Amino acid sequence: MPAYFNFAIKRLWQFVLVVFIGINIAYVITHVTPIDPVEQSISAVTSFGNTSPEAIADMRRSLQELYGLKGDWIEQYISFWRRILQADFGPSLSAFPAPVTSLIARALPWTFGLLAFTTLVSWSVGNLLGALAGYYRNNRSLKFFGVLAMALHPVPYYIVALSLMIVFGFIWPVLPITGGSAMDVQQGWNWQFVASVFHHSVLPALSLIMIGIGSWFLGMRSLVSNIITEDYVVYAEIGGVAQSRMMGSYIIRNALAPQVTGLAMSLGGIFNGAVITEKIFGYPGLGSLLVDGVYAGDYGLVLGVTSIAIIGVSLSVLVIDLIYPLIDPRVQVAS
Amino acid sequence: MKRIIFDLLKYNNEFRIGVFLILIVVTMAGLSFFSPYPPNDVFVVPPDAPPSADYWLGTTSRGQDVFWQLSIAIRNTLAFGLLVALLSRVISIVVGLSSGYLGGWVDRVLMAINDTFIVIPLFPILILFYFVLRDSMSTILLALIMSSLGWAYDSRLIRSVAMSLKTREFTGTSVFSGMTIFEILRREHLPYVLPIIFSTTLNNMNWSIGLEVTLAVLGFMDINTPTIGGMIYWANQHTAIVAGIWWWVTFPVITVVATFVGLYLIAVSINEYIDPRSRLSRMGGGQS
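First to last, the protein sequences are chains E and R. The first sequence begins at 3 in the working numbering and counts up by one. The second sequence begins at 300 in the working numbering and counts up by one.
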């Protein structure tokens with residue numbers, strides 16, 4: 003097991019680096035810009051009416067504390083990290099006095115559920131169909147699916163979600179186009195609520211799957227069509243290995259490794275797509291929270307969601323990386 | 300080069316469709332130079348008119364002609380994508396080539412940073428940029444930000460080619476003939492990665508245009524510069540779909556989808572051209 007241990011250490015180190023660089027980018031963006039977020043927030047508040055100078059001074063002090071703008075830059079930097087590590091982003095300005103952490107905790111399961119489900123479905127279905135399309139190259143319906151995937155795959159999430167919304171919301175209104183569940187249903191583990199959640203997640207999930215499935219399909223198809231020309235596959239074919247066994251143990255098994263790496267590499271992009279999809283369908287996840295936070299000028303919320311997104315995505319990548327040796331035994335030999 | 304394009308046009312359906320779509324879009328963008336209206340003026344034509352002989356694609360609720368507005372919007376969007384792609388190419392070529400050629404600790408450090416940029420979710424970071432910059436966010440600035448974030452995937456691709464080039468004989472010859480590292484990379488290795496760079500440029504344009512549209516639709520960039528995303532943003536602001544002014548949303552969406560599919564198809568067919576195995580099977584020379 004020492005080979006796996008070395009591999010895991012390397013991955014863990016990469017995870018730490020990703021989080022470190024990501025959070026530092028967030029720090030630089032929020033601290034090295036010419037615009038003073040404190041003065042901006044104050045002018046937004048005071049533009050509604052007269053506010054006494056003492057109140058403004060008071061507000062300025064508390065905002066400076068909140069934005070971590072007190073002291074010299076080393077102190078600021080340290081206190082910034084302290085707040086990230088303690089997952090303490092202060093109270094939300096738009097949902098005062100609820101702490102940002104509790105808002106994020108409420109939104110996280112929605113995003114996680116939606117993303118985990120859609121990624122799993124589009125990855126496994128896309129790969130399976132892609133493998134079949136690469137193996138049975140002359141199948142009509144698989145060819146048609148290939149054309150469809152090729153046309154759909156480069157379109158951004160926003161356009162697909164908008165089109166689905168127009169079709170199922172206005173032209174043929176059969177599916178709910180906003181919210182995570184029906185308003186009049188008690189949230190909890192009862193049948194009605196679960197059914198309502200599923201009903202509401204059809205459109206967001208569908209748009210995420212429609213975009214996601216194409217790239218896995220196309221990638222797997224070209225991998226498989228390369229693999230079937232390899233000598234060992236030709237040899238197995240001549241040797242009379244059963245077709246199902248050929249597919250499973252000879253072809254898909256070998257093509258799977260790059261697709262797992264691909265999944266790890268594209269998780270960030272998938273998360274980006276989910277942010278947009280959630281906003282369009284009013285899904286109560288991190289994406290809606292982030293966008294609403296920007297509209298409301300809620301600094302703590304925006305920073306909190308960004309940090310959680312960076313940590314969450316790199317954590318998922320780490321998990322995929324750690325199970326990768328199970329799929330590709332070469333890793334254990336190499337290191 | 301001319302021959303390659305001619306061959307692709309002759310034998311490759313995907314390339315043909317892609318070129319056709321892009322030609323339409325570019326023509327559309329080129330027409331913007333003949334637009335009778337200044338792009339930012341509103342209420343120059345009667346609002347909410349459906350497509351007709353006078354106004355080919357209808358008019359918006361802001362009194363703009365959708366056709367001419369669309370032509371300037373697609374021009375700006377294409378220019379944006381091109382700018383991001385070109386700028387980020389510079390970073391990815393430098394990082395990819397030097398990392399692949401030098402190897403060792405340079406490679407390890409550069410690739411560790413590279414992998415970080417692949418993994419990090421960029422959309423929240425772009426939103427954070429907008430949140431801080433607000434009205435100072437301009438299209439050019441956004442292009443600069445996005446090109447400094449979107450180079451990583453392609454530089455990994457270039458690195459893998461550079462690594463194999465390093466073991467080729469001509470690299471050794473150029474080392475012994477006293478060329479500097481910079482000369483070797485620029486004169487010997489760069490020509491080999493150019494086809495890949497070209498196809499990644501197209502994919503990178505798709506990526507940046509997609510993000511631009513999304514950011515603009517949410518209102519997270521300079522929405523006064525007419526772009527495709529900006530057009531959809533204003534249509535949403537005027538609830539165009541609910542009000543039945545479908546032409547305000549439909550035509551920008553069709554145009555941008557044509558751009559995406561066109562760029563993607565060209566990139567795919569070039570990739571196929573680069574990979575000799577799939578070229579063989581297309582010509583019927585390979586197995587199966």
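Because the hints were derived from the structure by calculation, they are not lab data. Bear in mind that the values here come from a model prediction, so they are computed numbers and not experimental data. Be a bit skeptical, because a hint or two may be false.
Cβ-to-Cβ under 7 Å is the rule here; a few derived chain R residues that face chain E [claimed, not checked]:
{"hint": "1", "residue": "Ala352"}
{"hint": "2", "residue": "Val418"}
{"hint": "3", "residue": "Leu427"}
{"hint": "4", "residue": "Val552"}
Keeping only pairs whose Cα atoms sit at most 35 Å apart, straight-line, the calculated DSBU-like set for lysine-lysine is [unchecked claim]:
{"hint": "5", "chain 1": "R", "residue 1": "Lys465", "chain 2": "R", "residue 2": "Lys301"}
{"hint": "6", "chain 1": "E", "residue 1": "Lys145", "chain 2": "R", "residue 2": "Lys465"}
{"hint": "7", "chain 1": "R", "residue 1": "Lys309", "chain 2": "E", "residue 2": "Lys12"}
{"hint": "8", "chain 1": "E", "residue 1": "Lys12", "chain 2": "R", "residue 2": "Lys301"}
By construction, the Cβ of each residue, glycine as well, lies at the ideal position given by its N, Cα and C atoms.
Checked hints:
1. Ala352: violated, 27 Å
2. Val418: holds, 5 Å
3. Leu427: holds, 5 Å
4. Val552: holds, 6 Å
5. Lys465/R to Lys301/R: holds, 29 Å
6. Lys145/E to Lys465/R: violated, 39 Å
7. Lys309/R to Lys12/E: Violated: lysine 309/R and lysine 12/E sit about 48 Å apart, past 35 Å.
8. Lys12/E to Lys301/R: Violated: lysine 12/E and lysine 301/R sit about 47 Å apart, past 35 Å.
Consistency note: the structure conflicts with the earlier hints numbered 1, 6, 7, 8.
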